[in-house]
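Chains as they are written, first to last, in the numbering used here: chain A, 12 to 518; chain B, 162 to 326.
Source of the hints: derived by calculation from the structure; they are not laboratory data. Glycine included, each C-beta is placed from N, C-alpha and C at the ideal position. Treat the hints with caution; some may be incorrect.
[Stated by the list, open to error] These stretches of chain B come out as covered by chain A in the derived footprint (C-beta under 8 Å, 3 or more residues):
| hint | region |
| --- | --- |
| 1 | 215 to 223 |
| 2 | 231 to 242 |
| 3 | 258 to 272 |
| 4 | 285 to 298 |
[Unchecked claim] Here are some chain A residues pointing at chain B (derived, C-beta under 7 Å):
| hint | residue |
| --- | --- |
| 5 | L179 |
| 6 | L186 |
| 7 | V187 |
| 8 | R201 |
| 9 | G205 |
| 10 | T402 |
| 11 | V414 |
| 12 | L430 |
| 13 | R464 |
| 14 | A475 |
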Amino acid sequence: MLELLAQGFGIAFQPLNIGLVIAGCALGLFIGAMPGLGSVNGVAILLPMTFLVPPTGAIIFLAAIYYGAMYGGAISSIMLGIPGASTAVATTFDGRPLALKGEADRALILAAGASFIGGTISVVLFTLFAPPLAEVALAFGAAEEFALMMLAFATFIGLGGDDIPKTLFSICIGLVLSAVGLDIISGQPRLVFGDIPGFMHGIHFLVLAIGIYGIGEMLWTIESTRGEVTVSQANITVRRVLNTLKDLLRTMKTAVMGSLLGYFIGILPAAGATPGALMAYGVAKTISKDPDSFGKGNIEGVVAPESANNAASTGSMLPMLTLGIPGSPTTAILLGGMVIWGLEPGPMLFVEHEDFVWALIASLYVANLFAVVINLAFIPAFVAVLRTPFTILAPIIFVLCVVGGYVPTQDMHDVWLILIFGVVGYLMRKLDYPMAPAVLAIVLGPLAETSMRQALLMSDGSFAIFFNRPIASPIMIIALLLLSMPLFNALRKRLWPSRPSEDLRRH
Amino acid sequence: MRRAELSMALVLALLSVYLMWKSSELPIGWIPDEGPGGGAFPFWLSVGMLGSCVWIVVRWVLRSSPLSRSKAPYMTGDVAIIFAAVAGSLTVMFGAIHFIGMYFAIPLFLIFYLRFMGRHGWLNTLCIALATPVVVFFFFEIALRITLPKGWTEPLFYPLYDWFL
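Just chain A, with the same shape it has in the complex (with noise of 0.2 Å):
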C-alpha cells in the first residue's frame, strides 16, 4: 500500500497538480471565510472551470477546495460571528467570546491548529479504510447499491435535524427530478412536459446544484448580512503561534476526540461535517470539568468542532470513492463531477484507476499541509477579505452562475432553470425546507432507480430481496432505525421532557 502511496504523491508533486493544490487551498480558505458561501457552494459554483485541466487534476483541485473551506470556516466565524459555511456553525459558539476577549488571533491559530490534526488523523484513517472497504465493495450487486442509497436517505431524515415531512419532500422531488428526460431502460422520454426539447436530455445535477447552492444562497445571504458587521482585530505574530501551540497540546485529547468523532460522521452516508462538528461540541462540553465555560470562550469549544469538521470531510470522501455513496452535500457534487468526467465511483474505481485515487489520497495529505500553512501566513489577508463588501462578491457569483450553468449542457433552457431552481429554492429554504437532501438525491437518482430496478427484476417484483441477502439487509435495518429515531425521539421527549442538551442545535 505504501508504495501505492508513494506512486500517489509522485502524481500529486507534478508541477500542475501541486499548483492546482495551492490554488485550491488559497480559493477554498476563501470562500470558507466569506459568509454565505462554503465549501459546497464553490464545489458547485467551481465545478464547470475545471473542464480546463486534465480530470485527475480537476478533482485534485475541488477535493483542495473543499478542505480548505473547511480551514477558512473558522475565520468568519471567530472574526465577525457569522459561521463562515454552516461546517463552522459550532465555532462560533466560543470563537466569537474569545473574539470579543481580544483573543482573535489565539482562536485563530487554535482553529488551524485543530484542522489540522484533524485533518492528518482522518487521511490516515482514509488510507487505511479505503482499499479494504473498497475490495468489499466489489461485491455489491444490485439489491446491495440500493440499500446503501435508502441509508443516506435515511441518515438525513434520521440525523439531518430539519423538519422531516419537508426533508421527505426534498428527498422526493429530487429524485423525481433525476428521473426527468429519457428512460434509461424503455428509452422513452418521461416527465418533459410538453415536449420540451431542453428536458429530453435530463436535468443536469449542476442546474440543481447551481441554483440552489449559487442563486438560492446568494438571496439567502443578501437577506441575512443587510446589517452591518463588526471586524474584530488580530495580530499574528510567531511568538503568540508558539504560545498558542501550548494550548493546542493541552488540548490534544480533545482534538483527538473531536477527529474521530467527526470522520465517523462523516463516513456515515450524507451526514456530512456540519452535524459532526455540531456533535463534536456538544461531546467537548459534556465531558469537560467545566461544561459552563462553554460558550464564553472555552478554547476545546473552538478545538472540538475544528478539528471535527475537517475530519468528517475527509470522512465523507470514504464512501464516496469506495461505495459510490457521497458522505456529504459536497461530495456529491464532487460525485457527479467525476461522473463526467468518466471517472465512475465506487469499487470498480480502484481496480480500473488506481493511479487517480491514490493520487487523490496522496493530494489530500500535501492540501492539509498546505491550507494550514496559507491558513496561518495569511490571516490578515482573510480578514481583509472579510472587509470585501458583499455588493462586489454577490453580482460576480451570479455571473459565475449564469457562464457555469451554461457550460456543461451548452443550453440555455437550463440556465433558466438555474434561476428558477434558485428562486424557488430559497423561497422553499425561508420555510425551512432543507435543500441538500434535494441535490445528493439528483445525483443518486439514476443509480437509485437503476439499481432498484434491476434488483426488483431479480427477485420477480418482492421487496424481500433488500432483507434475506447477507449485507443488503443490515443496511436496510440500520436504515430503517435512522427512519424511526425522529419518532423514538419524539416519544422519549414526551416522557422525558425538557432536555437541556436539545437546544444546542437552535444555537
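Keeping the supplied structure of chain A fixed, place chain B upon it in accordance with the hints.
Just chain B, lined up with the frame of chain A:
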C-alpha cells in the same frame, strides 16, 4: 409565516399531483420480464411528495410545527424589495442573453448591480463590469473552446476569433 407555510404546502401538493399525472403517461405497474414500468419510479416518489405535503398541512392544522405557530411575516417589506430587485435584474439579464448575448448582458447587469444596488463608485463599477467579460471570454472561448451565446452580437466576435484561434 403561518399563511406562507400553508400556501407553500398547497402549491407543492398541486405540483406533486401534476407530476403524478405526468408520470402515469408511462406504465407505472409491473411489466412481466421487464420489471417496474418507466413511470413507476417518478410516480411513487410523487406520491411521496404529496404525502409529505399532506403531513405538513396536518401539522399546520394541529399547529404542531414551529412555523405553523409563527406570527412573523414571511418577508418584510425591505427584504421583498431587495429580493424583487435581485431576482428581477437576473431575469432581465437572462432574457437579454438571448438577444444581445452574454458579453453584453453581463456587463449591463454588473453596472446595474454594482452602481445602483451596491452604490459603488463609477470607477470600481466600470472596472469590474468591463474586466469580467474579458476574463470570461479568454477562459471559455479561448482556453476551453466553448462558445457562449452571443445573440445579435455574434458578428462582432469574428475578428476576435481570427486573432486568437
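Here is what the structure says about each hint:
Coverage of the region 215 to 223 of chain B by chain A holds. Counting CB-CB distances below 8 Å, 3 residues qualify, and the rule asks for three or more. Coverage of a stretch by a chain is defined here by at least three residues with a beta carbon nearer than 8 Å to that chain's beta carbons; for the region 231 to 242 of chain B and chain A the count is 4, and the condition holds. By the rule of at least three residues with a Cβ nearer than 8 Å to a Cβ of chain A, the coverage given for the region 258 to 272 of chain B holds, with 6 such residues. Counting residues of the region 285 to 298 of chain B whose beta carbon lies closer than 8 Å to any beta carbon of chain A gives 4, which meets the minimum of three for the stated coverage.
A distance limit of 7 Å between C-beta atoms decides the matter here; for A:L179 the minimum to chain B is near 5 Å, and the interface restraint holds. Taking 7 Å as the C-beta cut-off, the interface hint given for A:L186 holds, the closest approach to chain B being about 5 Å. Contact between A:V187 and chain B, as hinted, is supported at the beta carbon level, the nearest pair being about 5 Å apart and thus within 7 Å. Taken as an interface hint, A:R201 checks out: its beta carbon lies about 5 Å from the nearest beta carbon of chain B, inside 7 Å.
Interface hint at A:G205: violated, since its Cβ lies 9 Å from the closest Cβ of chain B, which is beyond the 7 Å cut-off. At its closest, the beta carbon of A:T402 sits 3 Å from a beta carbon of chain B; the interface hint therefore holds under the 7 Å criterion. Interface restraint check for A:V414: the shortest CB-CB distance to chain B comes to about 6 Å, inside 7 Å, so the restraint holds. Satisfaction of the interface hint for A:L430 is found here, the shortest Cβ-Cβ separation to chain B being roughly 6 Å, below the 7 Å cut-off.
Nearest Cβ of chain B to the Cβ of A:R464: about 5 Å, under the 7 Å cut. The hint holds. For the restraint placing A:A475 at the interface with chain B, the shortest Cβ-Cβ distance is roughly 15 Å, beyond the 7 Å limit, so the hint is violated.
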